[in-house]
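I would like the entire structure built from these sequences, with the hints used as guidance.
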Amino acid sequence: MKSDDFYERNRVTHEIIHAKRSEICYNLITDLITNKINCGEKAKILDLGCGDGKFIAKFGKRCEIFGVDVSSKAVELAKKSDVNAYKADISCEKLPFENEYFDIIYFGDVIEHLIDPDFAINEVVRVIKRNGFLVLSTPNLACWLNRLLLLLGMQPLFSEVSTNKIFGRSGSFPVGHLRLFTYRALQEFLAYYQFRIIRTMGAPFDRLPRLVKKLDVVFSRIPSLSSIVVVVACVNRWEG
Amino acid sequence: MSILDRKKIELAFTQMLEELTRDEINSSCTLSLFEIDPKAMFDILGFLENHIQKRSLLLDLGCGYGFLARFFADTLEFADAHGVDIDQVRLEKAKKRLHVTKADLENNTLPYPNETLDLVISFGVLDHLKFFDNVFAETYRALRPEGLFLISLTNLGSWDSRICSLLGYQPRHVEISAKYLTGVPRTYLVSVPVGHIHTCTVSAIKELATLYDFQPIYLRGLRNTHPSRLVRLIDTIMANVPSLATRYMLVLKKK
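From first to last, the protein sequence lines stand for chains U and R. Going by our numbering, the first sequence opens with residue 1, and the numbers climb by one from there. Going by our numbering, the second sequence opens with residue 1, and the numbers climb by one from there.
These are calculated hints, taken from the structure and not from any lab test. Heads up, some of the hints might be wrong.
No more than 30 Å apart at the CA atoms, straight line, and that leaves these computed lysine-lysine pairs for DSSO-like [what the hints assert, rightly or not]:
#1 R/Lys-179 with U/Lys-129
#2 U/Lys-73 with U/Lys-36
#3 U/Lys-165 with R/Lys-206
#4 U/Lys-94 with R/Lys-95
#5 U/Lys-61 with U/Lys-79
#6 U/Lys-20 with U/Lys-36
#7 U/Lys-36 with U/Lys-54
#8 R/Lys-54 with R/Lys-96
#9 U/Lys-94 with U/Lys-58
#10 R/Lys-206 with U/Lys-213
#11 U/Lys-80 with U/Lys-94
#12 R/Lys-8 with R/Lys-93
#13 R/Lys-102 with U/Lys-94
#14 R/Lys-54 with R/Lys-8
#15 U/Lys-87 with U/Lys-61
#16 R/Lys-179 with R/Lys-93
#17 U/Lys-165 with U/Lys-58
#18 U/Lys-165 with R/Lys-102
#19 R/Lys-253 with R/Lys-179
#20 R/Lys-253 with U/Lys-165
#21 U/Lys-129 with U/Lys-79
#22 U/Lys-165 with U/Lys-129
#23 R/Lys-39 with R/Lys-96
#24 R/Lys-102 with R/Lys-253
#25 R/Lys-54 with R/Lys-95
#26 R/Lys-95 with U/Lys-87
#27 R/Lys-255 with U/Lys-165
Only a predicted model underlies this, so the values are computations on that prediction, with no experimental measurement involved.
Written out as structure tokens, the structure reads:
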């Protein structure tokens, strides 16, 4: 199945699934807007993989909000929420913005769906301002539960190789994850692209059995063990 | 398989290696695995020899330069061997060994009518795909009833990946970048990405195969090569337990 078709049919709204993660990202971005960005005019925020645009629309009063998504249905919905939304497949298409344009780029639980994260992150590097911030979240392949699952030979959480069903563990439906990062790999990946991580937070995964979820909340305090990792990174470029 | 046959296979294998360039040999991980562990090769060929019903057409998915398909077809005495691949450069070279077609295994249908193939082989191909569904669906369609599908694949649940994961390292065969190998310990031989997207555990691929109406009938771990003697020793032991092996060969039978 082509990824376009997949996302046209299964437009995933993270708002509902990852309430806690969205809350953390919201707080982090609010903090950045209030304390870090002072450019005189309204800050420009881009949501990569914006979905229906509900998340980024929350910043509509204080910022200029932009969104990009692969699904045309999502782009339509986002436009209704007054997001400047564009359709693009960020794993192979250039972003429709000029260089060094955004103060904040929000890349929330999207990078693991991309076939070519290198291409996407290069575009992020191109369109982000030199004093801009990247807020990125992604599931953690080496979260505490996955370390146990894989030790026992079970397919880790978040990992899937079929668009029809989840194999090797219990799970309701595939969401299209391709490349899963461990926290360590994410750190090295961002460092390679000249980003410096200034803040890391863990977030629990909401769709777990109740008892496991309680443990997950505890482990979410340790980013390398938490189910979802959220990082704030700034650009570390020095042009001589 | 008799000892005489083994000698014949060994001879054919050595002859094949002599004809290949270094690039061609390096293009196939399976080839080097067969080189260090010929018993794995005898085992799989012996198994196929005993279980193949008809020997008219063999198809290699992701055939590369085509030598493994040629070797399997010759050894198992197939009347015809075909290959599909996405890489035009390799296909040009494969032409002299096989009848080849260019195809994208992720999106295209296989250029064969229903129930025409007797044996489909694929060596280290699925882990380069986004999703395995099209390969399973198409192979099922094009195989004859009781036809066989041989998959050789990296194992997400391999002993080394389990240790990596436990310690918070990236498992080797879940690559997140095509340029830079991130998050894996520095003990691996190949320190650049090889184009793997993701892979699955042995139990997951068995489940997946069952969903597509295949029956797993043979599973064998493969051992890998490494400069450290200790690692080689552990790997050799682990290869006996397919779910812990770094790679494995799985034969599926169309129900």
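Against the structure, the hints:
| no. | hint | in the structure |
| --- | --- | --- |
| 1 | R/Lys-179 with U/Lys-129 | holds, 24 Å |
| 2 | U/Lys-73 with U/Lys-36 | violated, 34 Å |
| 3 | U/Lys-165 with R/Lys-206 | holds, 13 Å |
| 4 | U/Lys-94 with R/Lys-95 | violated, 37 Å |
| 5 | U/Lys-61 with U/Lys-79 | holds, 15 Å |
| 6 | U/Lys-20 with U/Lys-36 | holds, 23 Å |
| 7 | U/Lys-36 with U/Lys-54 | holds, 24 Å |
| 8 | R/Lys-54 with R/Lys-96 | holds, 24 Å |
| 9 | U/Lys-94 with U/Lys-58 | holds, 26 Å |
| 10 | R/Lys-206 with U/Lys-213 | holds, 29 Å |
| 11 | U/Lys-80 with U/Lys-94 | holds, 24 Å |
| 12 | R/Lys-8 with R/Lys-93 | holds, 25 Å |
| 13 | R/Lys-102 with U/Lys-94 | holds, 28 Å |
| 14 | R/Lys-54 with R/Lys-8 | holds, 22 Å |
| 15 | U/Lys-87 with U/Lys-61 | holds, 23 Å |
| 16 | R/Lys-179 with R/Lys-93 | holds, 26 Å |
| 17 | U/Lys-165 with U/Lys-58 | violated, 34 Å |
| 18 | U/Lys-165 with R/Lys-102 | holds, 29 Å |
| 19 | R/Lys-253 with R/Lys-179 | violated, 37 Å |
| 20 | R/Lys-253 with U/Lys-165 | holds, 21 Å |
| 21 | U/Lys-129 with U/Lys-79 | holds, 24 Å |
| 22 | U/Lys-165 with U/Lys-129 | violated, 41 Å |
| 23 | R/Lys-39 with R/Lys-96 | holds, 28 Å |
| 24 | R/Lys-102 with R/Lys-253 | holds, 26 Å |
| 25 | R/Lys-54 with R/Lys-95 | holds, 24 Å |
| 26 | R/Lys-95 with U/Lys-87 | violated, 41 Å |
| 27 | R/Lys-255 with U/Lys-165 | holds, 20 Å |
Going down the numbered hints, you'll see the structure goes against 2, 4, 17, 19, 22, 26, while the others check out.
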